[in-house]
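If you want the building blocks of each chain, they are given just below.
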Amino acid sequence: MLSSINSRAIVPVACAVTGFVIACCVLLYTFVKGDLITGEIHHAADLADTVIKSTRYAMLHDDRETLSQIINNIGDQNQVEHVRIFNKKGLIMFSRDGSEVNNFIDKTAAGCNECHAESKPKRKLGAMDQARQFTNKDDHDVLAITAPIYNEPECSNAACHFHDAGQSLLGTLDIGVSQAPLKKTLTQLKGRMIMFSGMVLVLTVGAVCALLYRQVFLPIKQLVDFTEKAPGDSLDYDFPQVSGEVARLANAFKQMTVRVKELEDRQDKSREDPSTEPLP
Amino acid sequence: MSQAGPHPGGQQMPGHEDLRQRIEVRIRRLERASLAGLWSMVLFLLVSFCAYENFTFLPDLSDDFRRMLGAPPPSEMISLALVIYAFSAIVGTLARMSRNIKPFRGLMHTAFFTAFYAFYYLSGVLPDNFWAVFFAGLSVMGLENYYLWAHSNEALHKEREMLDRLRGGGE
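Protein sequences, first through last, are from chains A and B.
Every position in the first sequence, counted from 1, becomes a number in our numbering once 578 is added.
Every position in the second sequence, counted from 1, becomes a number in our numbering once 565 is added.
Just so you know, these hints were derived from the structure itself, not from any lab.
Cβ coordinates follow ideal geometry from the N, Cα and C atoms, glycine included.
Among the hints, a few may not be true.
[To be verified] Label pairs and their in silico Cβ distance ranges:
#, chain 1, residue 1, chain 2, residue 2, range
1, B, Y617, A, T644, 47 to 55 Å
2, A, A830, B, A676, 34 to 42 Å
3, B, R593, A, V589, 50 to 58 Å
4, A, M773, B, D729, 23 to 31 Å
5, A, A788, B, R631, 49 to 57 Å
6, A, L638, B, Y617, 53 to 61 Å
Make a model of the complete structure from these sequences and hints.
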């Protein structure tokens, strides 16, 4: 199968183009996926920051009712899977899920590890370290951000309650957003990339095959048919409609046949009439 | 190949048997060469299978060992290196094919693609990038091995023709 000139020319092209395009598409998909996830994390971190800023006034005035209402309203949004605020000890103070309130959070769970992996917890985390991805009990993919609520002069100076100036961390906001839209976008992207790669492959390999067939294989086939004519057939007719190197080859073959024919004629004549000049 | 022809007296020329043996040795060498590519491909597929399983048979690297190795390169850099390597390898093989230069036979490509798997593994992003390395490897090694096979077959054909002519002349 691989001995024909067609397959010898097409197999390397198909092999090189197919593998390279697929590898590049996989890498491109990985890059885009990474960029989208990073964007989503920054978006969720901004959302967490907005929540902290929105609840700041209620916290300064120790207005727990308003704070609880804000948390409930945020938690009611479509893409928000969970939202909770817990204090430094890990006791959940406010949550959209009422059953969580007054329970301790699991410090060994994903997301808590970033700060609590060592004996002395970290004070500051970047946006990427604050994020964690997991599947919750409802089988939803969640991207969660844990944003620390730091002590500020207004907090420690307030007359309402007991935060002293030496306490750096007052609590943590944990907000989880659904990854369903991101997954949907990635699935669409994957489908489109597969379709696009398929089209590129078909076009590239198809175009190479068509060009090879038109420019090389067809002229060669015509040339082979031309040269395989029965001895004695006139070569003036059915000269292949070819151009370039193949035409030169056909012409050379034709001239060679004419010369052979002349030589044969002269040989025949010299046999019949010995006075004829012998062949060189 | 005038030396391959029979001696006018009906006896074979003194170098006749020598030449036949040399051709047979060359044929055996070419047969081995066309199979060498297959072995490197099998090795690559074996490594790929282990990589697909995320090298689960390897023990977890200790923190001390990881510290000794240093920080892994960013995955974007590894991917860029992979694209450049695959592209230049394909272009190199196609250039060798067009100029009919002797194909590469060793395990160099297998070693390089294994290194890419290792780098991705150490960076912790192997599952995301496995198919990229696999298809790049398949493409580069498939093309190289195809050329090796075609080149060896062509040479084998010539050597066998020569041997047949020699045997035919010797009879």
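Report the numbers of all earlier hints that the structure fails to satisfy, in ascending order. Per hint list: 2, 3, 4 violated.
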